Amino acid sequence: MNDFEELSCDLLVIGGGAAGCVAAIEAREKAPDLDVLLVEKAHIYRSGCLAAGISALNAYLTPGETAESFLRYTIRDTHGIVRDDLVLSMAREVNEQSHRVEKWGLPIPRDENGHPLKRGRASIKILGERIKPIIGKATEASGARILNRVNVTGLASHRGRIIGAFGFHVRTGKFYAIRAKAVLVCTGGTAGLYRPNNPGMAAHRMWYSPFNTGAGFAMGIRAGAEMTSFEFRFIPLRIKDAIAPTGEIAQWLGAKQINAKGEPYLEKYYQHLGGARMTTQDRLYATLQEKAAGRGPCYLDLRNVDPRKLEGTTRAYLSMAPPAAMLLQDEMYYGRGGGSMAPVEITGSEPHVVGGHGLSGYWIDEKRRTTLPGLWAAGDVAGGSPKKYAPGAWAEGVLAMRDMIEVARERKMPELDEEQVLGERDRVFAPFEEKQGTPPRELEERLQKVMDEYAGGISQGYGYSEGELDIAEIHLRRLEQEFPAITASSLHELLHAHELMDRVTVSQTLVAHMAHRKETRWHCYQERLDYPERDDARWSVFVNSVRRGDRIEMVERPVERAALEVVLPPLADGAIIRHGGE
Amino acid sequence: MGVFVDENVCNGCGIAVEPMCVRDCPGDLMILKENRKAMIRDNRECWDCAACVKVCPTQAIAMQLPSSVIVRGVRLKGRAIKHKTTWKLRLRDGTERNYETPSTGSPPFTPSL
Numbered sequence: 006m007n008d009f010e011e012l013s014c015d016l017l018v019i020g021g022g023a024a025g026c027v028a029a030i031e032a033r034e035k036a037p038d039l040d041v042l043l044v045e046k047a048h049i050y051r052s053g054c055l056a057a058g059i060s061a062l063n064a065y066l067t068p069g070e071t072a073e074s075f076l077r078y079t080i081r082d083t084h085g086i087v088r089d090d091l092v093l094s095m096a097r098e099v100n101e102q103s104h105r106v107e108k109w110g111l112p113i114p115r116d117e118n119g120h121p122l123k124r125g126r127a128s129i130k131i132l133g134e135r136i137k138p139i140i141g142k143a144t145e146a147s148g149a150r151i152l153n154r155v156n157v158t159g160l161a162s163h164r165g166r167i168i169g170a171f172g173f174h175v176r177t178g179k180f181y182a183i184r185a186k187a188v189l190v191c192t193g194g195t196a197g198l199y200r201p202n203n204p205g206m207a208a209h210r211m212w213y214s215p216f217n218t219g220a221g222f223a224m225g226i227r228a229g230a231e232m233t234s235f236e237f238r239f240i241p242l243r244i245k246d247a248i249a250p251t252g253e254i255a256q257w258l259g260a261k262q263i264n265a266k267g268e269p270y271l272e273k274y275y276q277h278l279g280g281a282r283m284t285t286q287d288r289l290y291a292t293l294q295e296k297a298a299g300r301g302p303c304y305l306d307l308r309n310v311d312p313r314k315l316e317g318t319t320r321a322y323l324s325m326a327p328p329a330a331m332l333l334q335d336e337m338y339y340g341r342g343g344g345s346m347a348p349v350e351i352t353g354s355e356p357h358v359v360g361g362h363g364l365s366g367y368w369i370d371e372k373r374r375t376t377l378p379g380l381w382a383a384g385d386v387a388g389g390s391p392k393k394y395a396p397g398a399w400a401e402g403v404l405a406m407r408d409m410i411e412v413a414r415e416r417k418m419p420e421l422d423e424e425q426v427l428g429e430r431d432r433v434f435a436p437f438e439e440k441q442g443t444p445p446r447e448l449e450e451r452l453q454k455v456m457d458e459y460a461g462g463i464s465q466g467y468g469y470s471e472g473e474l475d476i477a478e479i480h481l482r483r484l485e486q487e488f489p490a491i492t493a494s495s496l497h498e499l500l501h502a503h504e505l506m507d508r509v510t511v512s513q514t515l516v517a518h519m520a521h522r523k524e525t526r527w528h529c530y531q532e533r534l535d536y537p538e539r540d541d542a543r544w545s546v547f548v549n550s551v552r553r554g555d556r557i558e559m560v561e562r563p564v565e566r567a568a569l570e571v572v573l574p575p576l577a578d579g580a581i582i583r584h585g586g587e
Numbered sequence: 240m241g242v243f244v245d246e247n248v249c250n251g252c253g254i255a256v257e258p259m260c261v262r263d264c265p266g267d268l269m270i271l272k273e274n275r276k277a278m279i280r281d282n283r284e285c286w287d288c289a290a291c292v293k294v295c296p297t298q299a300i301a302m303q304l305p306s307s308v309i310v311r312g313v314r315l316k317g318r319a320i321k322h323k324t325t326w327k328l329r330l331r332d333g334t335e336r337n338y339e340t341p342s343t344g345s346p347p348f349t350p351s352l
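These protein sequences, in sequence, are chains U and C. Under this note's numbering, the first residue of the first sequence carries the number 6, and numbering increases by one thereafter. Under this note's numbering, the first residue of the second sequence carries the number 240, and numbering increases by one thereafter.
Pulled out of the complex, with its shape left as it was, chain U reads as follows:
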């Protein structure tokens, strides 16, 4: 049988992305007497969402902004469903954490007053091509123990308390059982649940990291953690084909969204949604509506932009989404531009479950504790607090770690349950035992087809109804029943097998959430064709779930508004809804 190693540490960090690396560094700085172990399935130099780089920090309080103003913006954009305590505690940390990463070597251009160059009220420009190696090297320099190339598959528990994790080395196949006094999960969100924008060879030409496959969600769901708001699927508006961010063009160059007739459609046809100030999801919704009205496709209008600025945009794309730089330049010289810049076509991406942009993830408290004692969550796996982006992930990693340090100091090193260790080892390597089974790639195609067609994918314009969700649920249960028949012929395929199983588990919880919320609160993200209106009287609640065995139990949690007043975008009948205040 495979090699086996048991490790122990005071503080265990699962996932070496934005949140995990900074959390590990925080542990070294604040508690050098404690032993922190960071486990990462790739290598921390380029793993996670930041692999290609980023060109902006989108959660940074520019002069005049406060944690409260950031919260107000978040509440409005999510139509009221947001955890004020989480957003405020995060927003109070984002600038400090950004400056910390700057000290490690991240270039942040500043104006003559020393302020970072502003891209939006909560967004600044950075030169972030090497942001991940910078953070990775700072993590190494901190003295944190780092275990690269170990894919964590599950959580170890004792009487309901999380006491460690299991995983396997993707190169050697060694099985690891790790015990710890406190465990932080920060493995990122989930791509690849739905059929992606591009086919076949280009299937991974997507916005979110295709290597973020929901492992952290899935291990929490299996362990009975309470999850929130999976039905808030995040679907960004992207540059078509390259599926690259539009903010660089829309915010930095000020390009307007236009339809095929050249009209600025947000302002002309969608004043009732807020016009140019509409919510993020309504920008996508309006773009789809234009197509339905016969005025598609839609574009970002670059025709009047200074060509010198476009060279800067090309450099920005090289620093975060190189395919967009290739596409932009090719289009400019050979496409419709004919030497000048043509409008760039925009489209919605596949839906994602991701707590760093959307609302979905672990239900946590202000200290980032999950509902499972001994387990904390930060970054894209943590729910209730959208728009955290990289700075928010750093902030959450730090907030979680500060509490973990206190807890770890009070606890004795736990003992792993041998039966649990052997059980997880059998589950992990089962695809090697099955010789005649189904390869994970085939089941991935089936998962993505089911989710696309029956759970509001791209082909369905993101809409869905109860009857379709019922079918999706049946298909997902069948897929789950086929787990024992999955085959793998290499360690790399074994990794795929687990990535596939995790995504099926995430999809099951996602569909249960989508079926529970019987209104349409967030167009496209959560588009119930059988309940097309927003219903504030009934549904101003968080939809949460806990999986117990085969059953997914739904719970609703109230929204607790901090002492500030927010006016939500108006309802279809024009009614104004206020939240909070006197």
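These are computed hints drawn from the structure, not numbers from a lab. Heads up, a few of these hints could be off.
[To be verified] Result set (PhoX-like, lysine-lysine): computed pairs, CA atoms no more than 20 Å apart in a straight line:
{"no.": "1", "chain 1": "U", "residue 1": "Lys-417", "chain 2": "U", "residue 2": "Lys-440"}
{"no.": "2", "chain 1": "C", "residue 1": "Lys-327", "chain 2": "U", "residue 2": "Lys-314"}
{"no.": "3", "chain 1": "U", "residue 1": "Lys-372", "chain 2": "U", "residue 2": "Lys-35"}
{"no.": "4", "chain 1": "U", "residue 1": "Lys-273", "chain 2": "U", "residue 2": "Lys-296"}
{"no.": "5", "chain 1": "C", "residue 1": "Lys-321", "chain 2": "U", "residue 2": "Lys-108"}
{"no.": "6", "chain 1": "U", "residue 1": "Lys-123", "chain 2": "U", "residue 2": "Lys-261"}
{"no.": "7", "chain 1": "U", "residue 1": "Lys-266", "chain 2": "U", "residue 2": "Lys-296"}
{"no.": "8", "chain 1": "C", "residue 1": "Lys-323", "chain 2": "U", "residue 2": "Lys-108"}
{"no.": "9", "chain 1": "U", "residue 1": "Lys-142", "chain 2": "C", "residue 2": "Lys-321"}
{"no.": "10", "chain 1": "C", "residue 1": "Lys-327", "chain 2": "C", "residue 2": "Lys-316"}
{"no.": "11", "chain 1": "U", "residue 1": "Lys-142", "chain 2": "C", "residue 2": "Lys-323"}
Computed from a prediction, not measured in an experiment: that's the story for all the values here.
Since the structure of chain U is provided, determine the placement of chain C on it from the hints.
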């Protein structure tokens, strides 16, 4: 389709424990063949993040996007050097455009963005 390794240029990073591209790929997709040349397991899995392209000390790796996204012949190479990364973007007619992106340390006071 994502990245292509020029076997005439790749030296498997000499005596290094593992080639830089094998170390850095976020999808663990780069492997070292028996002839000590790097290769990608399967370009269908590539995210086009260019981590391998930039870190390759011999500039043996080029990125090309699938035909469903962009016409063949458009190719991107790059090289991470001390405080910046240099890029060569070849367009479909073979013309080459060069770029530089500052990557670490203090940026120029008024960056040309």
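**Report entry** Violated hints - listed by number, lowest first
**Finding:** 1
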